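Student: Sequence:
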Amino acid sequence: MSTDTLETKSWKTRRKSDNSIFNGPILRRALLDSLRKLDLRWQLKNPVMFVVEIGSVITTVEFVRYLITGPASEAFFVFGVAVWLWFTVIFANFAEAMAEGRGKAQADALRKTRTTTQAKRLKQQNRREDYEEVAAPDLRKGDLVLVEAGDVIPGDGDVVEGVASVDESAITGESAPVIRESGGDRSAVTGGTRVLSDWVVVQISANPGETFLDRMIALVEGAARQKTPNEIALNILLASLTIIFLLAVVTLEPFAIYSKNPVSITTLVALLVCLIPTTIGGLLSAIGIAGMDRMVQRNVLAMSGRAVEAAGDVDVLLLDKTGTITLGNRMASRFVPLQGVEEKSLAQAALLSSLADETPEGRSIVVLANERYGLHDEAAENATFVPFSAQTRMSGVDLNGHADGSLYKVRKGAADSVKTYVQEAGGSVGEELEKLVTTIASSGSTPLVVAETHVQGQDGSHQDARVLGVIELKDIVKGGMRERFDQLRKMGIRTVMITGDNPLTAAAIAREAGVDDFLAQATPETKMSLIKEQQAGGRLVAMTGDGTNDAPALAQADVGVAMNTGTQAAKEAANMVDLDSNPTKLIEVVEVGKQLLMTRGALTTFSIANDVAKYFAIIPAMFMVAFPQLEALNIMHLATPHSAILSAVIFNALIIIALVPLALRGVAYRPLGAGPLLRRNLLIYGLGGLIVPFVGIKLIDLLLVILHLA
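Numbering (full-length UniProt numbering), first residue to last: 1 to 710.
None of these hints come from the bench; they were simulated from the model.
Each hint can be trusted.
20 Å max Cα-Cα, derived SDA-like pairs, lysine to any residue:
#, residue 1, residue 2
1, Lys419, Arg393
2, Lys474, Arg393
3, Lys490, Pro671
4, Lys45, Trp86
5, Lys490, Leu677
6, Lys344, Arg372
7, Lys474, Pro360
8, Lys474, Met331
9, Lys474, Ser443
10, Lys120, Glu148
11, Lys532, Asn549
12, Lys45, Leu234
13, Lys419, Val455
14, Lys45, Leu241
Given the structure is predicted, the values throughout are model-derived calculations rather than measurements.
Produce the complete structure using the sequences and hints provided.
Tutor: Here it is as structure tokens:
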């Protein structure tokens, strides 16, 4: 078998070093793309810039006419306006091309992670030794392939047999290997990653061209980006304003003729371009693409711009308790026996019931019993282990005792399940257990109840069941979570903790973490019901998940973030995939979405406000000869009519290129509600949009006079 060596430097690392705004290759590619986008068919997608390009063509024709017929001074003025109108279109194209260029750079880095490899396709299921070597592109959905230590996984799929350590740095950028195994929520594998140890049998889940890597490349390039509803609505608004200003400017020509002061076509075009919202029109697409790019920078793959925008509008966050709000490693901290039971006897029973329990909680019980009493985890003879299930919510062991057929059973699990088990076996549950469970649960810990049953007689007719005590499992709330939830609350976002714990434990953790509400003893059905209930109230809901049972809820949520370590079903149901598989990333996803909306709102406010100064520059220049009273509007004291018009056009072009870094990076994120955010936008970008153009146009006017260009 031959394989091409994977790139030692991950695409994530390359992205950090090679994908800055001022990266040379990206700038060169963006400049070329900005010229290609001058195609009128491309500009039709952006009504504002389409009008500007048409105006550029008209003024260019006017320049040629004046060049032939004269006078030379007028030709020079028209040439200056035409050049800067073309720059306006090119700068707008450049902003979009820069955003796309960063995505294309990421896509190039992803393509380098591709490998041409041979795959061991199994001829028969469950026959690992019987395989044929085929090229990875020849694999189809449903094929079974054997991947051994050192092999590159040839395609996306799910592990159906075996367990192995996998290096996923080519996709996630993280060097630490991860475990992939069959039969759980960590069964999904991605083509291009490498198996480091052991072996797995993978069932291919995607045909060539439809793999996770292919989708990532298409998305980061922007090829699959569709305009979001808000972006479409804003485009319609900008197009409407453009039509209104176009009609207003057209009506000025008859008015000028009536006043015996005809206005040139060049002046009318300059007025139109300066009055329509060219700033936001030129940057709108770049803002949307950059929003998806910022998701990718956080190692989150958004399946569409709609998902990013929806994240910014989220009202309710559903967060799993374990691993998101808490550290997720609930560990046994103590054995609490009931009256009349020795603690060592409780520990022995807890140990027996945990011998086959491979969960972190089960292993911690074995460790605690060994540390406290020197009990060992040797498997008992004649033991039948009872695995945990979602239906029984218990696990344990059955031990054959004496020759007479007596049986000793031990069970541990959720308090209500074990109590029901004991009562069905003829035992009783006293108030002491109820108080103990309530006390532990109220403290934020998780109580696991341990019970034993002695079954006598060949027919099992006589049973003696009793509760031995409680194992206390402790989980710790992550540092800083309360502060983060406080920030979300300021943003008007309601947080709901999802947990399988009983209501008392859930309430204690919820109080400590600072969430607004919680859903205890959660099941897939209750999660779905909660999401639908919130959506019925007009709220947008976000949640995370990684298992097949999370898929319906992820699909129902407005923003569903699947873990890359999760099942294929979860990743297909969600509209975002977190490559780091960090459940807390949901909070960052919301922040990126909010930043996208804040950036769009801020630049829209600035764009509309800065038209005021251009009005004060061009209107007096157009009619001051016929109506000397308009000199009062020339508050900037611009030198000449030509200088005023040219200064406004130059500023109109330069402000777009000046705002490109802000459009790509986004405005500084602040956890604010809608009201404070509106006031902040009006104060900074509204007031700034009024003041900056006055200063900028005046400075350009002074420079033109000094250089004798107007």
